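Peer 1: Now for the letters of each chain:
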Amino acid sequence: MTIKATRRARTLPDFTTLILWGLGGISLLVILYRIFVVLTTQEELTATIWGFQLVNGLVLGGVYALIALGYTLVYGILFMINFAHGEVMMLGAYAGYFTLTYLNARGFMETNPILTLVITFVAGMLVSMLAGITLERVAYRPLRRAPRLVPLITAIGASIFLQNAALRIFGSKLRVYVKPSVIEGGFRLGESGIFVPRTGVLIFVTSILLMIGLYLLVQYTKLGKAMRAVAEDKDTAALMGIDVDRVIVQTFMLGSLLAGAAGVMLGFHNSQVNAFIGFIPGIKAFTAAVLGGIGNIPGAMFGGFFLGLAESLGPTALGIPSQYKDVIAFSLLVLVLIFRPTGLLGEVLSEKRA
Amino acid sequence: MLELKNVHTFYGHIHALKGISLTVEEGEIVTLIGSNGAGKTTTLRTISGLLAPREGEIWFEGQRIDGVSAHKITEMGIAHCPEGRKIFGRLTVRENLELGAFLRKDKDGIKQDFERVLDLFPRLRERLKQPGGTLSGGEQQMLAIGRALMSRPRILLLDEPSMGLAPILVQQIFDIIEEINAQGTTVLLVEQNARLALSIASRGYVLETGRIRLAGPAAELMDSEEVKAAYLGG
Ligand SMILES: Nc1ncnc2c1ncn2[C@@H]1O[C@H](COP(=O)(O)OP(=O)(O)OP(=O)(O)O)[C@@H](O)[C@H]1O
Ligand SMILES: [Mg+2]
Chain A
1 MTIKATRRAR
11 TLPDFTTLIL
21 WGLGGISLLV
31 ILYRIFVVLT
41 TQEELTATIW
51 GFQLVNGLVL
61 GGVYALIALG
71 YTLVYGILFM
81 INFAHGEVMM
91 LGAYAGYFTL
101 TYLNARGFME
111 TNPILTLVIT
121 FVAGMLVSML
131 AGITLERVAY
141 RPLRRAPRLV
151 PLITAIGASI
161 FLQNAALRIF
171 GSKLRVYVKP
181 SVIEGGFRLG
191 ESGIFVPRTG
201 VLIFVTSILL
211 MIGLYLLVQY
221 TKLGKAMRAV
231 AEDKDTAALM
241 GIDVDRVIVQ
251 TFMLGSLLAG
261 AAGVMLGFHN
271 SQVNAFIGFI
281 PGIKAFTAAV
291 LGGIGNIPGA
301 MFGGFFLGLA
311 ESLGPTALGI
321 PSQYKDVIAF
331 SLLVLVLIFR
341 PTGLLGEVLS
351 EKRA
Chain Y
1001 MLELKNVHTF
1011 YGHIHALKGI
1021 SLTVEEGEIV
1031 TLIGSNGAGK
1041 TTTLRTISGL
1051 LAPREGEIWF
1061 EGQRIDGVSA
1071 HKITEMGIAH
1081 CPEGRKIFGR
1091 LTVRENLELG
1101 AFLRKDKDGI
1111 KQDFERVLDL
1121 FPRLRERLKQ
1131 PGGTLSGGEQ
1141 QMLAIGRALM
1151 SRPRILLLDE
1161 PSMGLAPILV
1171 QQIFDIIEEI
1181 NAQGTTVLLV
1191 EQNARLALSI
1201 ASRGYVLETG
1211 RIRLAGPAAE
1221 LMDSEEVKAA
1231 YLGG
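In the order they appear, the protein sequences are chains A and Y.
When the count follows my numbering, it moves up by one through the first sequence with no breaks and lands on 354 for the last residue.
When the count follows my numbering, it moves up by one through the second sequence with no breaks and lands on 1234 for the last residue.
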């Protein structure tokens, strides 16, 4: 018997890797320096401002996380990026808008503000769910056996189609979300006087509750176990008696439900909705999913909050106008893709997927 | 109980099964032997619905099952323990076993079978909370067989349960297969280890490049010169 040496030979990293890491290191230093300068020179940056950004980041983060979960759930099962997911969310936002407007006109919102909120969320979630199911059925299922690039292109096509269909059906005029009085305004927190908007509280709490619900479902229910089994190995899952197609639809349903809730949240957050509101948040949530490691559920939650906070705190910390928040988000995406393609929380991509 | 009539299965253009006919009677252990690439796995995958035959018929307990989807065939009482174990590595041992009983609603029965499997494979009991992927190869094989048993199948299709196991473990697994059979489960066993397979089977089929080459009682096959030369190492 011979003992085999399994230690891997240490080789020098190749030239491009070296340059990339060099650039990464330099940018990190510049960023840290910049933050240092801002922190030491900008006296007017009070705790109130930081606190407000922090609250804002958490709220946005909750929305991103919900949308990101939809990307990650579908990717986990089909290894496909559903680029029309943002539009699924947009349809939910519209459903919320019409529900709110209707209930407001009937005077129901005045008398039952809480119930109005509940109905609005349910309506948004149901409509998104229907959109998600239809999308899977019409656009993706026929391509189940096609090369992976094909459904990806289809998804982009579906995204553009849905944007323009919404534009055509709902028109280009801005639709303003009415707010029940219970979520108007806000309050100041303790001594520091950090302003917390009531919509923010609603969004944050609802998103956390939904995430807990999703976690429990995936971890402990029969459907959750079936979903995890299908994500690992479809053939073997079928041998267990699991109807794989059905589980795939149910996965789309779940992801779309969360997107619908996120759509209503964005409606309240931005106070308006139009046909294109799905696009940028969709891509950002995708970024969040990649940040956390796509396919990874806790990763999507983490990525969502990470991105939300980076976007709201980043511009202040770097002393740049807040219009640059998108630049921060997408720079993060690029950096993560270069240095840690499996995401910050990413487990090692399993052999099968790599 | 199970009958294949002139079954042809293709992978794209590759003609993998060229007219397989075989039967398994209730209560039997039947083994399917043959060299690498003969079509043993393909036969099992065709029976369990993971592949659809292009020609031929498959009957199970009076029902025609070719072309029926895999999850429905499982529901009818056919459990397939696939080649290479295929346990769910990120799910715990307990969850793997629970998934085996995915279609069942009889809570008490499931509990009973759960205990029965853990009695057959005591090593799994200590590892219920562990992710399946962290088990050793032999333990994974036990889990795969246990998982298949959890559906309380009428017939169990086993694809190379001895693959990659130490000889002592192989003997143990075969003892357990006999025990499972004695408890009332019909078994269709695919094996590389022809001698061992024939020793526990009542009948056997020898597969060669997609065709049945020989068939007969296990003892006869064991004595046949052809089988001796090709599969029992002379
Ligand atoms: N997915 C596939 N695509 C194309 N050809 C395949 C595929 N799977 C199997 N084959 C071919 O079908 C034939 C039968 O394969 P099969 O896996 O059934 O053999 P086997 O008898 O199980 O062999 P082994 O003992 O090595 O497991 C082989 O020639 C193989 O190359
Ligand atoms: Mg095989």
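Because the hints were derived from the structure by calculation, they are not lab data.
Just to be clear, a hint being listed does not mean it is correct.
[As the list claims (entries may be wrong)] The calculated lysine-lysine pairs, modelled on DSBU-like cross-linking and capped at a C-alpha distance of 35 Å, are:
1. A/234 with A/222
2. Y/1105 with Y/1129
3. Y/1129 with A/173
4. Y/1005 with A/234
5. A/222 with Y/1086
6. Y/1018 with A/222
7. A/234 with Y/1111
8. Y/1228 with A/234
9. Y/1228 with A/222
10. Y/1086 with Y/1018
11. Y/1105 with A/222
12. Y/1072 with A/222
13. Y/1086 with Y/1105
14. Y/1018 with Y/1111
15. Y/1107 with A/222
16. Y/1105 with Y/1018
17. Y/1072 with Y/1018
18. A/325 with Y/1018
19. A/234 with Y/1086
20. A/325 with A/222
21. Y/1086 with Y/1228
As the structure is a prediction and not an experimental result, all values here were calculated from the model.
Peer 1: The structure should be examined with respect to each hint, and the outcome stated for every one.
Peer 2: Verification of the supplied hints:
1. A/234 with A/222: holds, 16 Å
2. Y/1105 with Y/1129: holds, 23 Å
3. Y/1129 with A/173: violated, 56 Å
4. Y/1005 with A/234: Measuring from Cα to Cα gives roughly 28 Å; hence the hint holds.
5. A/222 with Y/1086: Holds, at about 20 Å.
6. Y/1018 with A/222: This hinted pair is violated, its Cα atoms lying about 40 Å apart.
7. A/234 with Y/1111: holds, 26 Å
8. Y/1228 with A/234: violated, 39 Å
9. Y/1228 with A/222: violated, 49 Å
10. Y/1086 with Y/1018: holds, 27 Å
11. Y/1105 with A/222: At roughly 12 Å apart (the allowed maximum being 35 Å), residue 222 of chain A and residue 1105 of chain Y satisfy the hint.
12. Y/1072 with A/222: holds, 18 Å
13. Y/1086 with Y/1105: holds, 24 Å
14. Y/1018 with Y/1111: Between residue 1018 of chain Y and residue 1111 of chain Y the Cα gap is close to 42 Å, so the pair fails against 35 Å, i.e. violated.
15. Y/1107 with A/222: The hint holds at about 13 Å.
16. Y/1105 with Y/1018: violated, 39 Å
17. Y/1072 with Y/1018: Holds - the C-alpha atoms of residue 1018 of chain Y and residue 1072 of chain Y are around 25 Å apart, at most 35 Å.
18. A/325 with Y/1018: With a Cα-Cα distance of about 63 Å, the restraint between residue 325 of chain A and residue 1018 of chain Y is violated, given a limit of 35 Å.
19. A/234 with Y/1086: With Cα atoms ~11 Å apart, residue 234 of chain A and residue 1086 of chain Y stay inside 35 Å; holds.
20. A/325 with A/222: Cα-Cα ~41 Å, so violated.
21. Y/1086 with Y/1228: holds, 32 Å
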